[in-house]
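J.: So you can see what is in the structure, the chains are spelled out below.
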Amino acid sequence: MTTLAERPDVERAGPGRRPNRFRSDRTAIYLLLLPSLLPILVLSVFPLLRGIYLGFTDARAGRNVEVSFTGLANYRELLGDELFWNSFKIGLLWAVGVTVLQFLLALGLALLLNQQLRFRGVARVLAVVPWAMPPVVVGILWKLVYHPDAGLLNEFFHRIGADGLRTNWLGDFSTALPAVILVGVWAGMPQTTVVLLAGLQGVGRELHEAAAVDGASTWHRFRHVTLPALAPVIVAITSLDFIWNFNSFGLVYVLTAGGPGGKTMLPMLFAYEEAFRYGNYGYAAALGNVMVVLIIALLAVYLRRRLREAN
Amino acid sequence: MFGKPSRTGRALQYLALAGYLIFLGFPLIWLLSTAFKPPRELVRLHPTLIPSDPTVQNFVQAFTEQELGRAALNSLQVSLASAVLTVLVAMPASYALARFRSKLGTAALGWVLLSQLFPFVLLIIPIFLVLRQVGLANTHAGLVLIYVVWALPFALWMLQGFVRNIPRELEEAASVDGASRVQVLRRVVFPLLAPGLVATALFSFISAWNEFFFALVLIKTPELATLPVALARFVGIEGTARLGPLAAGSLLATLPSLIFFAFMQRRLSSGSLAGAVKG
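One line per chain: the protein sequences are A and B, in this order. Just so we're aligned, residue 801 is where the first sequence starts under our numbering, counting upward by one. Just so we're aligned, residue 696 is where the second sequence starts under our numbering, counting upward by one.
One chain only, chain B, in its complex shape (with noise of 0.2 Å):
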């Protein structure tokens, strides 16, 4: 882009993405390798980057003592059942949003980057107060729903511009043809609109696996802590021995977006994300 760099000039790019490197990589490397290193390997005065007797012992003991594993199925629960709802509710209203005008639509595409602006500890006061009103204060009901309602502004605006990259020709051709509005939307959008549906909901899903703050907030009972609040509550037992599974218990809390995250980075780079990122 810049032309051909000089010598110099290409050493110094290979030593800043170096620096970039160690920067953004070496915490990761710590993580990994402080969840594969035994206990006493942990307490000794001088760690080494490289367990010197790794383990996986730390993985299970993170799910058997601390109850890792009891989370890590709330939290799964909780983030399939956001995913689903979020595209069964966004599926409609992104295509009323696209394919037609109307003042509806950019009120709702506002509060998108409305939403943004205010602070959680406004909304979780009230929201708190609501939940408790209808009998969904502390239960995974009340938290689903509460992902949902948070996961849909970006779900609609990416949705929606899911459905303008698909062709309005498409559909009138086959209304043309005879198909109703239902068969139009079942067999010409509904399969075109796949991709749009599967990335609606692993944004989802990632959003409810990660979220901490209203878990932290609206869950009292123990037994039903998603993985983050599990996590962040291990933090305080202190102990440099616990740091191993602690490190495992992480690992794995990253594992589902991770993977979510290669699979976006497919679809984003074949381009049939560009609708969700051009609005």
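Isolated chain A, as found in the complex (with noise of 0.2 Å):
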């Protein structure tokens, strides 16, 4: 009865107050999104701004310093500073090594676990715990595992008889690289993993089992069933694995800190150490300028190839 009595009343209302009531909400709006668009504003978008500016002058620490634009000086230094080109090298082969390794054998693990195989509800667990880790910490994990006398790896090397191949692997010109590419892909595995895992769930079943009954391989179906269906998904965690990668920082910071000899030197340390170290603000700010804009022209190269296949 009630609803009955009502109803005309929010009919009479309606039409006449439509223009008020939406003008209403859209203050509600923006009073809602206001809490959170404020500061995003002003300690993220403008910082950003600004440091991408500063990349253009000779900013340096220390207060009062004076500031001038220098236009495109201190990317002419860049050009001719070694030590960026052999950062900038390290950087990519540290940063497309793990997102590859991370990604192959994320895959082989996620596959697995779509499987229905004993101590699977292990490995799941074992799989998101270094996700859960502090980067500080499983920097410091690994350092134990390579300690040059109360490691892991070099008691390994000795149990099994092969001596020879014990070595400081974070403190050996050339086994520093890969010794830190590896955490890096123990470090990031099992976020890549999960993701799959879930794109694989997603996999529809009729699709394989209708596969299977044309009589298609297991490597047939994964090859033109699971890949394809998983391609989008394999595409967004890759090029965030990536990004990822290349701006990571405190892992490498504990575990070599860009050492022995700049062998480990990342670009984010490199960028870290001119900053922080030197004070030079206006070339670090360049750094990661130039930074930004090799992430975001190797990623529409990946992109537009991935696309390209796609259609």
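Among the hints, erroneous ones may be present.
Pairwise CB distance ranges (calculated) [claimed, not checked]:
1. R739/B - S974/A: 22 to 32 Å
2. R765/B - N864/A: 47 to 57 Å
3. R796/B - L1107/A: 22 to 32 Å
4. R826/A - F958/B: 34 to 44 Å
5. G830/B - F956/A: 49 to 59 Å
6. P749/B - R876/A: 52 to 62 Å
7. N833/B - A1036/A: 52 to 62 Å
8. S1017/A - R882/B: 52 to 62 Å
A short, non-exhaustive set of chain A residues, derived as facing chain B with CB atoms under 7 Å [claimed, not checked]:
9. P835
10. S844
11. L848
12. I940
13. L941
14. V945
15. P948
16. L952
These stretches of chain B come out as covered by chain A in the derived footprint (C-beta under 8 Å, 3 or more residues) [claimed, not checked]:
17. 707–715
18. 718–731
19. 811–822
20. 841–851
For the record, the hints were derived by calculation from the structure and aren't laboratory data. Just so you know, even glycine gets a beta-carbon here, dropped at the ideal spot from N, CA and C.
Assembling the complex is the task here: the two chains are given apart, and the hints tell you how they should meet.
T.: Shown next as structure tokens:
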């Protein structure tokens, strides 16, 4: 009864009040969004724009230092800076190496975890633990594994009678970068695995069964059913992984701090040293700008190729 | 999924799984074992996987000598404050993003992806300058502010997924029944959103707890250092005998996020996080 009595009232009020209500809705939306958007604007968008601008100045650490616009001077200097090129090469090796290995290993693990295997539960838990660890702790953990005297790895080689393989993994010029890359893979694999596993579980069972009925081999079904269905997830997670790896800092800072002899000096570490050890804010920001442009360029090439393959 | 594999196929699968378990598990076991080894076992020429004379002395030492205790308290404060603030700020905005079409919403969500792209070094210098201007450089308040802003884009994205999962009809039904907008939010939306709020708080807590770079650059006073920074400083102190307390401290630093991940995993499997995944 009450609804019947109220209905005409609502209808009467409806059309006449609409524009007014619409406007109040708009204000309400902005009021709801304001507490989020304002801090993001002030402490994220604005600093970013200012950071980009700093890359075109000679800003240095210290109060009351005059900052002047220098245009492309920083970039000209970067071009001739051998240390920068070296660190950039290492960064590329690191980012590509870690991302590719991470992806391949994570795909294998996700495929295994998607099967009815025993110990699957243990593997699932273990696969997530490194994700839960702070990067600093991951660094410390692997420092213990690589430790020249008290480390797990050297002791393992001793036990299997391969004492010749014992070395100072993080201190040796030739092993430092591969050792650090392995840690990056270990640390980043869990997230990639979980995402790929979620993707695998979304692949239609019917498609597989239909393909199996048609007599397709396991490899064929993987290649022509699973992979295409998984492609969007793969592109998304590898792109993100690449960005994260390129910008990663804490892990390698703890492991080697860029050493030995700059063999693991990732661009982020290099920029950090420029900014906070030598106080060259402008130069460090310029380095950051170059990295953003390079990441975008590399991603664009990658995404375009993937898109073309998809068509 | 791939039908019944052959016996050799199965064996190969188990072999691969064993490989993964070793790769993923052994470093963790090593950390655990080192944390329980007394100093004289740590300096032994050939260390063993299982401590022959386990001790909890390392845990005590880590927290008394290296001031990791104070750092842990600092981390707890900063992370809790970040979690609470992030939820309070993200709640209204995520509701607006989920329920009303707005270009601002798309822009905010786009920022999630875009902000991943930029190296911290571009942000840290201007942020440092801004914080110094308002007197918040080298304070926990400044750090919390940065953590909240940094967690916000993802928190918004995640939380608005939860809001979307609440059927609009429920709200409409309540308002037809005569509930005011505030009442609808409080009685209908808020209780249903609780898991999402918890998940958002956890996300914000963990990212603050684990964060290293901003804490390293923004906090200069050693007494104010957070746990990751204190641990990283600890690494610099050489000496094999010191590895025990270092491992113990690292283990304790992992506990909160480990507990939260266990919690999240249950949520993930129960499907209440599905909304966050689907976006």
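J.: Hint by hint, which ones does the structure fall short of?
T.: Of the numbered hints, 2, 7, 15 do not hold.
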